[in-house]
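Visitor: The primary structure of each chain is shown beneath.
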Amino acid sequence: MINETPEDNFSDEVDDRLEHLFGEEEPAEMTEINDVEVKDYPLRDLKTIILSIDWEITDEVMNGFVDQVGAMQDKFSDDKIVLVFLQLLGSLGEYIRKNLGQSHPEAFRNLNSLFLGLEEIVQNEGLAENEKKRILSTELSKYKQLKGEITKTKAPATDIKAAVVKPPEVPPDAAQPDIVRAIEDLKQFFQRELDALREEIKALRDELARGGNTSQG
Amino acid sequence: MAFVNPKKKEVQVKIVYYGPGRGGKTTNLEYIYDKFNKRIKTEMVTIKTHGDRTLFFDFLPFDIGKVNGYDVKIQLYTVPGQVKYNATRRLVLRGVDGIVFVADAMAVRREKNILSLKNLQENLANYKKSIFKTPMVLQYNKVDLAEQGIPLLPLETIERDLNSKLKTASFPASAIVGTNVVTTLKKIISMTMASIIKELK
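Taken in sequence, the protein lines are chains A and B. For the first sequence, our numbering begins at 1 and goes up steadily by one. For the second sequence, our numbering begins at 1001 and goes up steadily by one.
Don't take every hint at face value.
Claimed, not checked - Here are the simulated SDA-like cross-link-like pairs (lysine to any residue), alpha carbons at most 25 Å apart as the crow flies:
1. A:202 x B:1046
2. B:1112 x A:133
3. A:133 x A:144
4. A:39 x B:1110
5. B:1201 x A:13
6. B:1186 x A:9
7. B:1073 x A:15
8. B:1035 x A:23
9. B:1009 x A:13
10. B:1073 x A:10
11. A:202 x B:1069
12. B:1007 x A:13
13. B:1066 x A:112
14. B:1035 x A:21
15. B:1112 x A:11
16. B:1129 x A:11
17. B:1073 x A:13
18. A:39 x B:1171
19. B:1066 x A:17
20. A:47 x B:1201
21. A:202 x B:1088
22. A:202 x B:1066
23. B:1133 x B:1160
Hints in this document: simulated from the structure, not taken from any laboratory.
Throw the hints in and build the complete structure from the sequences for me.
Guide: Here it is as structure tokens:
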């Protein structure tokens, strides 16, 4: 017979409590990474690139993204809805490529959202046309909203439209000197960061006001 | 060392989810919260940047009930993964009792995992804690991407990179689907509680 120690009892009690709280059926466990059956997934390369876009956005990643979207436009040239998705992704990709870290913060969320919409359509072959249009319409609204915000805040360097359509020529005497533009860009960047910080400070204050005590011993 | 209040018969256990940026730390907590919020009856606090990344931390507290007469309160935290927020990471690690290291199983993230683990070791050392003596579970996240043919690190490689010296519990996982999220959580709580009991003796 095995004698249980107080530590064993304690451990059993902890396990019981955890089982009580979280003891529901979990999704199937996956113990092997190596032996997974690869499904037919036409967006593999594009998704790999999207997942590679990190905080440090590089020219290399964004060039790869834009090239990949271009290649896919050829591949899906017969599917109008997919094509519109790819055009939106391409436009947004061009904008991010030109502005990199200065891009509007929502641009990244928008990019991911667009990709998820595209993925849903491409992966569900049986999806009704109306449903596909609904998904596209939702994403298109988000895209337009972002575009509006970028225009409103006079986002740095390049807006979305300018990324896909050649910008109008600016007469040389009307063009601002580079230093003025750079200062303007910096001002806008700091303004956005300050706004974001203010919101976060407010959220922290609210949290403190609610009396949340998270101090540690 | 966990915060123990003998008067109130209460133990507070701090568990931090650590790892490279965009690895799935927040997604782990979100899954737990979404799936179990009715049982754990608590709120999750998330402070994100306007670009949707964790700026400061996520915080999910919950009680697991009485154990040996003590109310056990678990506090789950995440740290911001972005390299430049090291001061915040260090701050969140203060008073940590257990760690879940959420590695990104994508092949392109190999170096970032290694750097993040090294960063964890340095930040723990700042509090005179050894990475080898702190209860820790490794989670290799995003394994669901294998189905789509996205290149992942072979399990042996990721184990060799991260766990050859630590030799601790590790789980392939998918935080977005929920695979092994709860298993990871249960394991780190059990390990941490065992460690606390050992220290209290």
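Visitor: Hint by hint, note whether the structure agrees.
Guide: Hint check:
no. : hint            : in the structure
1   : A:202 x B:1046  : 13 Å, holds
2   : B:1112 x A:133  : 39 Å, violated
3   : A:133 x A:144   : 16 Å, holds
4   : A:39 x B:1110   : 24 Å, holds
5   : B:1201 x A:13   : 18 Å, holds
6   : B:1186 x A:9    : 17 Å, holds
7   : B:1073 x A:15   : 15 Å, holds
8   : B:1035 x A:23   : 11 Å, holds
9   : B:1009 x A:13   : 16 Å, holds
10  : B:1073 x A:10   : 15 Å, holds
11  : A:202 x B:1069  : 39 Å, violated
12  : B:1007 x A:13   : 21 Å, holds
13  : B:1066 x A:112  : 43 Å, violated
14  : B:1035 x A:21   : 11 Å, holds
15  : B:1112 x A:11   : 35 Å, violated
16  : B:1129 x A:11   : 24 Å, holds
17  : B:1073 x A:13   : 14 Å, holds
18  : A:39 x B:1171   : 23 Å, holds
19  : B:1066 x A:17   : 8 Å, holds
20  : A:47 x B:1201   : 51 Å, violated
21  : A:202 x B:1088  : 18 Å, holds
22  : A:202 x B:1066  : 35 Å, violated
23  : B:1133 x B:1160 : 19 Å, holds
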